[in-house]
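**Q** Residue numbers (this note's numbering), protein chains in the order written: chain A, 1 to 500; chain B, 1 to 240.
Worth flagging that the hints you see were computed from the coordinates, not collected in a lab.
Ideal Cβ placement from N, Cα and C applies to all residues, glycine included.
Hints are supplied without guarantee of correctness; some may be wrong.
Computed footprint of chain A on chain B; a stretch qualifies when at least three of its residues, placed anywhere within it, have a C-beta under 8 Å from a C-beta of chain A [as the list claims (entries may be wrong)]:
hint, segment
1, 137-145
2, 170-179
3, 201-211
4, 221-233
One side only, chain B facing chain A, incomplete, derived with CB under 10 Å [to be verified]:
hint, residue
5, Thr37
6, Gln96
7, Thr98
8, Ala149
9, Thr151
10, Val155
11, Val156
12, Ala159
13, Thr161
14, Leu163
15, Gly195
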Amino acid sequence: MADTSASSSATTTRFTGRWRGVVAVALLAMAVGVLAKRPALLLAAGIGVAFAAYPHATAAPDPTVSVTRRIDPGSPSADDPVTVSTTVRNEGDRTLFDLRVVDGVPPMLPVRDGSPRLATTLRPGGEATCRYELRARPGRHRFGPATVLCRDASGAIEVQTTVAEPDAVECASRLPTVPLRARSRHRVGPLATDDGGSGIEFHSVDRYERGDPASRIDWRRFARTGELTAVSFRTERHADALICVDARPEAVLASDATEPHAVALTADAAGRIGDALFAASHRVGVATFGRSAAGGEGGEGRGRGDGFLPPGSGRDHADRFHRRLASGTTLAGSPPADGGGAASDGSGAASDGSGVASDGSGVASDGSGAASDGSGAASDGGKTSHGSGATGGETATLDRRLARVRQAIGPDTQVFLLTPLCDDVGSRIAQRFESDGVPVTVVSPDVTTDRTPGSRLVRIERSNRLTTLRNAGIPAVDWDPAEPLGAALAGVAAVERWGQ
Amino acid sequence: MTPDGGGPERFVRRPTSAGVVLALGFGLLATGLVTETAIQRRIVATTAVGVGMVALGGRAWLRGRSVVALGGAGLALCGSLVVAVALVDAVLRPAQVTHRVVLLPGLLGLWVLAVALVPARFRWARGVVDAGVGLVFLGVLAAGFVRGASTTALVVATAATVLSWDAAENAVSLGGQVGADNGAATARAELVHAGAGVGVAAVAVVVVLGVARLGIDGLPFGALVALLLAAVAFSLGSHR
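One chain only, chain B, in its complex shape:
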């Protein structure tokens, strides 16, 4: 919903800058954590540069006038090219197929996330954010599936994925209600929001890894699943 103050103002709805930076940072962390080889890391670093260019250029394109906008569009295009190069690298360079499978959805997801936060249409932003973070999560799942990462890395990467989505969604929500332009300062609220999220994530990671240390390997697999299902049902019980 859009609260409205009434007075006419040029109010441009756009995800907030701080949220964009946070979301992309967490997303990169998630993708980076599930890599194993130096080649993979280099590809992720290339993608980071490209995604940064897309985000920066896209914002300049939307905000600026003529020259700045043109420069921004050019930068965003170059960034997309860099991401494309990274994608091609990810397909060709890693020695093992599993390494490619782990990397591809994550890189694509990061690019989609960067595009989502520089939306051509604000109304689509949420859907595209979900798609981008979903792809990043798919990469994390793939890593888990092919045993491509340690348990700790996998758990932390999942937490980072959720935090990335949280920051992105919050940026979209703030951008819709408060706006990202004209000096409407939102960074403080966003940092506090992300900080609270990180706190929850840290506690969750510690608890989950603590459970892992308890030696659940001895536990029947079915029992573990039942426990988790019970936890999900419990949290759905009084759904918000």
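Chain A extracted, bound-state conformation:
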């Protein structure tokens, strides 16, 4: 269960500058001392000078630490509590005076009890443990790298690094069915189409034509009426599927500080839909609309580089699929978070100042329990105005990116779009694909709440977008994250079949 690794990477050193103000103290004491001719105050200023020199007396710490996790149980069933004990060990030969560790809790698993953070002092070879409890959700959840912050004794230098530790919590989750849309390319596979031909399920009876296989002739009818007819069956084909994930910073919204945010939900759903499609031997690819979608050209290039994988099949391709998905949906090093641990649900409120005034009051009325609750709702509201007021430049960038994805995929590929639909961009992507003749299925986790007027408005807007999509003939799965994804998908599959 527990294995160790001390692979540190991406170490940054920064000066906190916290002792800079003490010079002002020294100078103030000195000034008063000089003006009032009080030698005692000059001596007091000497104390300030000593503290101003303090940070120079300490060396930058070199955190060489290893992280070990004990996960119990390692393979829980859904909603079971999972106890995680993370032990940090100082592998270096110098004392780490101020070591702060934040464990890389899987983004989908809410922390129910305890804290995945700790701060301590570690002698060489010393250990410290933090214990916390997660609630299991279906799927395979990898622990992220633990963030390690180490300050020297004075606190003037802060070294940040990460310690990767490939642990995972496995919670059984197979998606029973994935609703594919009827069009696909001409390769035999498990997708039942409306074309007649060879297969299992009855499709139609036609007049026999020269060249039809003799085994398909309906001999009983020939015996009864003397007419040669051929039975054809539904042709079963393979599908090419491209799974698109809306991982824009605007989509990082959570219904609550303790719930996973929409990007984590969509990334998880994308992985499981991909697995189910791979298992049915379809060809699957992935495209993530990440930081790049609204960003500049440079960011876009990078987004394309690590966020797109054309459909393919095979074990290697499945591995590549999961890697691309993970890299495309992981938020950059330090997320735009401001409002609390729930990775950045406060980001919107903080970053785009266009938050609606009514949401602001929502936060205030909501702020009693946990301040970050309200910020999630507020960012919802912020998103709304942001989305509807999307500038032409942003739209153009998105269009370019969509056109490129469109070029890269074959003519018979269908698209699964995973988006929280909290702004118009998600539904615009779906409609753009559909109008280009690419069949789209939208899977949308519902992260809205009804706690504040602002968030109720967002909820209504989201349901309007769902309705718009459905009216345009796009199957849209409204997935409540509290419910299993399989059930939500099965519901749409039934509607689809009925609709045909």
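Keeping the supplied structure of chain A fixed, place chain B upon it in accordance with the hints.
**A** Same frame as chain A, but now just chain B:
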């Protein structure tokens, strides 16, 4: 900055408890050292009780649910009242004006510091800490100005003021990165940090008082100032 582990957790940012206790303790020490009369000391003791009530009640208010929170808010309010009474006492009771001037900023600063460490908004905590400790330091300066305290008391009080700020800032920083709730233990790191600070302060006090014993009274005042300025420039030279 906020390092983020990724997983959703109810993470409430709040200055850590051990740091609050240390900061208030050092602040009280600084204010107490520059007092001269028994009346002043009694007023400082009253303030200590009030400030303690504010800190304790404020934390209960933020952490608890309904009843505990209400009790905490009540306690914090009572503590503030006690501090207010001490302030009125400080204005009226001491016989000399200088005694009042020395006491007032310190008491007010302690109350501000206690409020800063029970912040309504975490983002403001640092600014309010600076304001509170600044007021305490103003009291120490005033004592030096009116010759209200011995040289030793003044030097030690300055060191205590700096240590108080150090502990408070560290509590805010730890509270922002690691959090003060859910059993995230931080006391060890904070005690070690404060211990290192006390060590530096002790050395500084000994050196400064040693310099004072050398008989600098004979030294021209300007020379002393120039020396100190040189020391400041030196420490700013490679600033961190």
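**Q** Please go over all the hints and tell whether each is borne out by the structure.
**A** Each hint, compared with the structure:
1. 137-145: Check passed, 5 qualifying residues.
2. 170-179: Check passed, 6 qualifying residues.
3. 201-211: holds (count 8)
4. 221-233: holds (count 7)
5. Thr37: Status violated, d = 19 Å.
6. Gln96: violated (18 Å)
7. Thr98: violated (13 Å)
8. Ala149: holds (8 Å)
9. Thr151: Constraint on Thr151 (chain B) satisfied, holds at 4 Å.
10. Val155: holds (5 Å)
11. Val156: Check passed: Cβ of Val156 (chain B) comes within 9 Å of chain A, closer than 10 Å.
12. Ala159: holds (5 Å)
13. Thr161: Result: holds, 8 Å to nearest chain A Cβ.
14. Leu163: holds (9 Å)
15. Gly195: With Cβ-Cβ at 9 Å, under 10 Å, it holds.
Going through the hint list in order, the structure does not satisfy hints 5, 6 and 7.
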